[in-house]
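Same order as they appear, the protein sequences are chains A and B.
Quick note on my numbering: the first sequence kicks off at 78 and runs consecutively.
Quick note on my numbering: the second sequence kicks off at 78 and runs consecutively.
A few of these clues could be false.
[Stated by the list, open to error] Now the stretches of chain B that chain A is said to cover, found in silico as 3 or more residues with beta-carbon under 8 Å: (1) 175-185; (2) 301-310; (3) 360-369.
No lab work stands behind these hints, which were simulated from the structure alone.
Cβ coordinates follow ideal geometry from the N, Cα and C atoms, glycine included.
One-letter residues, chain by chain:
There are 2 protein chains.
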Amino acid sequence: MSLISCYAAQSATAALSPYKIERRKLGENDIQISIEFCGVCHTDIHFAKNEWGQTHYPVVPGHEIVGIVAALGTNVQKLKIGQRVAAGYIAGSCQICSSCKAGLEQYCLQGFTAIFNSPANDLGGFTYGGYSKSIVIDKNFVLLAPTGLDPAGMAPLLCAGLTTYSPLKHWGVKPGMTVGIIGLGGLGHLAVKLSHAMGAKTVMITTSKGKAADASRLGADEVLISTDVAAMKAMENQFDFLLNTIPSPHDYNHYMGLLKVDSTMCIVGSIGPTSELNTEALVYKRRSISGSFAGGIREAQEMLYFCAKHQIVSDIEIIKMDQINEAFQRIQKNDVKYRFVIDMRSLS
Amino acid sequence: MSLISCYAAQSATAALSPYKIERRKLGENDIQISIEFCGVCHTDIHFAKNEWGQTHYPVVPGHEIVGIVAALGTNVQKLKIGQRVAAGYIAGSCQICSSCKAGLEQYCLQGFTAIFNSPANDLGGFTYGGYSKSIVIDKNFVLLAPTGLDPAGMAPLLCAGLTTYSPLKHWGVKPGMTVGIIGLGGLGHLAVKLSHAMGAKTVMITTSKGKAADASRLGADEVLISTDVAAMKAMENQFDFLLNTIPSPHDYNHYMGLLKVDSTMCIVGSIGPTSELNTEALVYKRRSISGSFAGGIREAQEMLYFCAKHQIVSDIEIIKMDQINEAFQRIQKNDVKYRFVIDMRSLS
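Next up, chain A with everything else stripped away, as it sits in the complex (with noise of 0.2 Å):
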């Protein structure tokens, strides 16, 4: 069976797949919503391909959806039919953490339940998510979609977006600091967006001279190539904040360097066993490599309010659901601008 097999299984089409997904029941604090558009996030492929051996099939990706409410549950006052809402990665946790308390659900103590395959009471034992037609979500993660935002372009805020957002507030990102975006891929393209309207002055960190050009009409304010031994030595003690949205394992301590005394680099991209760590440039400037997960839930509907009002989307290749395999086959070789999102109304 193909992997395409697995995660659109969804469609009914028995000719895909041998599985019969049986989807949640709306239950009395559930929304229902009618999927128009899903982003496809590389952490899609790792499960899809089971790269980080998690995966339980058969799976079901997607985690950045814009819809239309379709049903509601008995307990839902908040929310009309016909509304166009949005769900990101994080789709349950326990509500009564000290982490769930202060809007840090993506940091549950219990552990957060995804959007797709965590174990969950949907039918199958698991949750399935975004590349779907439809999909009932807990109330309580469900965000409302800003008005005058292209919902295509919107859905790769609810992870890319917000994966960004969250760090860039949480270290107090504004006007007269200098910013590092490092990494312009999916999350990078938004990084850069986002510190831009906050008022930072924004600096693409890339090893690529190609990417010059897109990361200024982007918003960054310059262009640092990583490869350059004396651009980087010029710059050495100059970062407010350093994001570091790299999707692989790398050498973070070739970036250490750039940051200020008492700064922070924060990794979003690159989950798992990484370089040798050398201490040196974190001692000798107390400075820290820190970590950033999604975001929370408040959190999550703040930054598409932000992006509303600073009209921020996006970059975008809309696709069709028959073309997955091939949209995975372009993001494993970086060739896409900068993030492909599904058409659901092609899932038949």
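Chain B: place on chain A using the hints.
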């Protein structure tokens, strides 16, 4: 030539050394200190043996100095001859950069001047440290020794004390917090005393069950054996701050799960390349790894008064100058509780 002949050269005992070291003359802003006691730090060994490849021979180590004012430059008003004073690792800085203005001379953007082995206007071209009967230091880098503390036990506060006090203060250690001190050596034993005095629940984290009793005596509320998998698991997400004093490369990732969301492990022991970093623990709980080096001058003075108030000195073993080689060997075997201090009156 043996190593001892290098760093004992200032004794002017021709039999010990071919070097005749010319120490810095008293300038108008300088203070000459007649040294009573000098602590022995592992850093001294690294430089004596050129283990970091930075040593300019002849080198005179020693950066935990307590002594008596012997002479004052014409511009020095605040001290009197006969007063007890102290000095640590930082003996000069630009005084005008943002770090220096913030009282963070240890992070001077021009680079600080270390009390030994730094380029300087000493007659030999490099600073010479505290394994000596006398030293001349800029008045801005000399500290008042508080009364009521044993001067020999006070000496290690100038490096080991400050190196642990500074991060404990910077990360806001206070009552209600749970703080882990990793590693029980020269730095660790003072960190336990300081964290306890700051009112935090202080947990000694060590590989060695044999150190439990001593950790409790020093002020640890609990001892966590880091090789005990079940005990480590039980303490996941429990710590507000970890101070890592282990002096050699080791697996940092082993400790990161102990930290609460948004909390930091600060490295003060091991400077240089270490283990492979796994970003998972950083990303999924927004934890940080940071570092800290020594402390600023204002902070060093504050630390001495804090120690006087709480009657904190180092646990020491006093040696004579001619026992230094044996002391070095014992330090390298971790055979000291917890710091050697040289009685400089033993240097003829």
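With a cut-off of 8 Å between beta carbons, are at least three residues of the segment 360-369 of chain B near chain A? holds (count 10)
Counting residues of the segment 175-185 of chain B that have a beta-carbon nearer than 8 Å to any beta-carbon of chain A, does the count reach 3? Holds: 4 residues of the segment 175-185 of chain B have a Cβ under 8 Å from chain A.
State whether the coverage of the segment 301-310 of chain B by chain A holds or is violated, taking the criterion as 3 or more residues with Cβ-Cβ distances under 8 Å. Coverage by chain A is violated here, the residue count being 0 at a Cβ distance below 8 Å.
The structure does not agree with numbered hint 2 stated previously, though it agrees with all others.
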